[in-house]
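Spelled out, the chains give:
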Amino acid sequence: MRLKKEKNTKKSSKNLYYSFSFLIVVIVLYVVLFFLKPEKLVNSLYASWNIFISIIPVLILVIFLMGVSNYLLKPKKVSKYLGKKSGLKGWFLSTLFGILSHGSIYVWYPLLKDLKERGMRTGLIAVFLYNRAIKIPLLPIMIYYFGIFFVIILCIYMIVASVLQGKIIEIIEDKYIVQRGENV
Amino acid sequence: MKTANKKIENKRKQIILSFYKALKSFGATLPILIGVILLIGLFKVNIPSKLISSIFTGEIFRDTFFGSMIGSISAGNPITSYIIGGELLKEGVGLFAVTAFITAWVTVGLIQLPAEASILGKRFALMRNVLSFLFSILVAIATVLTLKVII
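Order-wise, the sequence lines are chains A and B. Residue numbers for the first sequence follow the numbering used here, so the first one is 1 and each next one is one higher. Residue numbers for the second sequence follow the numbering used here, so the first one is 1001 and each next one is one higher.
Chain A with its partners taken away, still in its complex shape:
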């Protein structure tokens, strides 16, 4: 138990180091841009600020949903719907949740991490992430540019691709686990 806790602390500090290194690299890019094209720096910062402002409500919603899922979703429940033994219903629910979810993709990562730790299948995480590409509120503009038939066909193929992708990821993960087990 103690060993597991120590391992988790080590992992989270490593992740934090990785996160801050990434942020520092991006800041360095901005410093370089300041010396090369200072006017573009202001525009880039303005574009970033706009993105940040637009996702604030979603961020708040995500934190709230994470809190609710921490309280309501126990590992047993998740593994029942989206866990190892979840059948067709799990694939259907992750597809549906993926389509209905909104906001930037990276604001959902912490929630998925939480669900993964509670037993969510990796294939279903992939399905959820892939189906986030289908945005119901944005369909009208897609129809305007490409037509309704195009949009319907594309959405159907994307759902099929998401399930295939999830299955492939699970097969590879299973093989990796078996191989690792044989090597240990």
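Rather than coming from a laboratory, the hints here were simulated on the basis of the structure. Computed from a predicted model, the values in this text were never measured in an experiment. Cβ coordinates follow ideal geometry from the N, Cα and C atoms, glycine included. Heads up, a few of these hints could be off.
Selected chain A positions facing chain B (Cβ under 7 angstroms, derived; list incomplete) [claimed, not checked]:
#1 18
#2 22
#3 48
#4 66
#5 67
#6 109
#7 110
#8 113
#9 122
#10 126
#11 135
#12 138
#13 142
#14 153
#15 169
Starting from the known structure of chain A, fit chain B onto it as the hints suggest.
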């Protein structure tokens, strides 16, 4: 009465703890989140849409591949990809390339890859993005071919 109060108190504690955990978990992802937003800002301002239209030539497989490549390194709201894709179509870029471009834009996240790898694991993130890239090509070809059969 005392047991009922204790139960309510326990529930309250659990709720507070659940939201504290949520905030803590979210706080750990903030450096990556800020980094990604700043990077998207850089891409939005410094990669002009004219550069995108100069790359597509008309060859189906080459265009579909490049469509997926450019869609993969681009990021932002999908609405932007629909608008760019629609405008590229108007400028004569093929539907294979544009479909691959908009599909990869929303399914592959090279810019978000560090965040995804850090939070969901390197192996998973890499596998998911490589497969999404391949599927964006297949989905584009299947969609356009089906559309040609139907219409």
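Now for the hints, and whether the structure bears them out:
1. 18: Holds - the Cβ of residue 18 of chain A comes within 7 angstroms of chain B, reaching about 5 angstroms at its closest.
2. 22: Holds: closest Cβ of chain B sits about 5 angstroms from residue 22 of chain A, inside 7 angstroms.
3. 48: holds, 3 angstroms
4. 66: With Cβ-Cβ at 4 angstroms, under 7 angstroms, it holds.
5. 67: holds, 4 angstroms
6. 109: Interface hint status for residue 109 of chain A: holds (4 angstroms vs cutoff 7 angstroms).
7. 110: holds, 5 angstroms
8. 113: Because about 5 angstroms separates residue 113 of chain A from the closest Cβ in chain B, which is inside the 7 angstroms limit, the hint holds.
9. 122: Because about 6 angstroms separates residue 122 of chain A from the closest Cβ in chain B, which is inside the 7 angstroms limit, the hint holds.
10. 126: holds, 5 angstroms
11. 135: holds, 6 angstroms
12. 138: holds, 5 angstroms
13. 142: For residue 142 of chain A, the interface hint holds, since the closest Cβ of chain B sits about 5 angstroms away, which is under 7 angstroms.
14. 153: Hint holds; residue 153 of chain A Cβ to chain B Cβ min 5 angstroms, cut 7 angstroms.
15. 169: holds, 5 angstroms
Taken one by one, the earlier hints all hold for this structure without exception.
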